[in-house]
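Participant: Residue numbers (our numbering), protein chains in the order written: chain A, 1 to 114; chain B, 1 to 111.
Some hints could be false.
To be verified - For each label pair, taking beta carbons as the anchor points, the in silico distance ranges come out as:
#1 B:V55 - A:Q41: 23 to 31 Å
#2 A:T15 - B:R106: 29 to 37 Å
#3 B:Q42 - A:S100: 37 to 45 Å
#4 A:G42 - B:P76: 23 to 31 Å
#5 A:A14 - B:R106: 45 to 53 Å
#6 B:G15 - A:I12: 30 to 38 Å
#7 A:R18 - B:P111: 18 to 26 Å
To be verified - Residues from chain B that keep clear of chain A, each with C-beta distances beyond 10 Å, as calculated:
#8 E58
#9 S61
#10 F63
#11 D67
#12 R68
#13 P76
Said to hold, decoys possible - Mimicking DSSO-like on lysine-lysine, the simulated pairs with C-alpha atoms at most 27 Å apart in a straight line are:
#14 B:K110 - B:K69
#15 B:K3 - A:K9
#16 B:K52 - A:K57
#17 B:K110 - A:K57
Bear in mind the hints are in silico, worked out from the structure with no lab data behind them. Being a predicted model, the structure only gives us computed values, none of them experimental. Using N, Cα and C, we set each Cβ at its ideal position, and we do this for glycine too.
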Amino acid sequence: DSGVTQTPKHLITATGQRVTLRCSPRSGDLSVYWYQQSLDQGLQFLIQYYNGEERAKGNILERFSAQQFPDLHSELNLSSLELGDSALYFCASSVEQGPSYEQYFGPGTRLTVT
Amino acid sequence: LAKTTQPISMDSYEGQEVNITCSHNNIATNDYITWYQQFPSQGPRFIIQGYKTKVTNEVASLFIPADRKSSTLSLPRVSLSDTAVYYCLVGGGNAGNMLTFGGGTRLMVKP
Chain A
1 DSGVTQTPKH LITATGQRVT LRCSPRSGDL SVYWYQQSLD QGLQFLIQYY NGEERAKGNI
61 LERFSAQQFP DLHSELNLSS LELGDSALYF CASSVEQGPS YEQYFGPGTR LTVT
Chain B
1 LAKTTQPISM DSYEGQEVNI TCSHNNIATN DYITWYQQFP SQGPRFIIQG YKTKVTNEVA
61 SLFIPADRKS STLSLPRVSL SDTAVYYCLV GGGNAGNMLT FGGGTRLMVK P
């Protein structure tokens, strides 16, 4: 158990809908990362937050957005969903924002868009 | 932007040493190299991280040549439980830097 929690574990929704994925980082960790893992694209970095502020942006679509709240939990919002958005979404946290700090991954949220 | 490539799969036998190489030709000056292990239906788990030369911990070694354009994860005396997918992750050296995963290497350890 990494100490990072993600809810829900599974999510099934229809095209065009909007969903919110939630992540609680390990106690004391200030940085949160979001990743997408799909069969054809592999693991893709989406976005990073540190203490409430956006720090780095990866291959995140304009239909997707995220935020980190004052209690440090984070949410990833996916809208106008398409079949290709079906994937595993992982959240990871680290104590600080730099690359030398180990990231701890949550168990993921499996999103299925039908 | 670091493009990161790894072999798709490797086979080994119990007790052997396994070396998995990751190529990252466009690595930036401040980027770090991190290796993760992933089992089915689980999140990746940290194995080892380095910036240059050699790093060793209780489960693996990481070799990084002087030009830092590649890195090699070395797993000594693998066991069946090491069967997993191994990913290298490069980036994060500066604020706003992308983090780029390799495509993953599926390691199969046979008895």
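Participant: Next, verify each hint and record whether it holds.
Facilitator: We went through each hint and held it up to the structure:
1. B:V55 - A:Q41: 23 to 31 Å: Given about 29 Å between the Cβ atoms, the range holds.
2. A:T15 - B:R106: 29 to 37 Å: The hinted range 29 to 37 Å holds for T15 of chain A and R106 of chain B, with Cβ atoms some 31 Å apart.
3. B:Q42 - A:S100: 37 to 45 Å: Since Q42 of chain B and S100 of chain A have Cβ atoms about 24 Å apart, the given range 37 to 45 Å is violated.
4. A:G42 - B:P76: 23 to 31 Å: The hint (23 to 31 Å, Cβ to Cβ) holds, given that G42 of chain A and P76 of chain B are roughly 27 Å apart.
5. A:A14 - B:R106: 45 to 53 Å: Between A14 of chain A and R106 of chain B, where Cβ atoms are some 33 Å apart, the hint is violated.
6. B:G15 - A:I12: 30 to 38 Å: violated, 44 Å
7. A:R18 - B:P111: 18 to 26 Å: Check failed, 48 Å falls outside 18 to 26 Å.
8. E58: At roughly 14 Å from the nearest Cβ of chain A, E58 of chain B sits farther out than 10 Å, so the non-interface label holds.
9. S61: holds, 17 Å
10. F63: holds, 18 Å
11. D67: holds, 19 Å
12. R68: R68 of chain B clear of chain A: closest Cβ-Cβ about 13 Å, beyond 10 Å.
13. P76: Holds, because the least Cβ-Cβ distance between P76 of chain B and chain A comes to about 21 Å, which exceeds 10 Å.
14. B:K110 - B:K69: violated, 31 Å
15. B:K3 - A:K9: violated, 31 Å
16. B:K52 - A:K57: Within the cut-off at roughly 25 Å; holds.
17. B:K110 - A:K57: Violated, at about 40 Å.
Comparing the model with each numbered hint stated earlier shows that hints 3, 5, 6, 7, 14, 15 and 17 do not hold.
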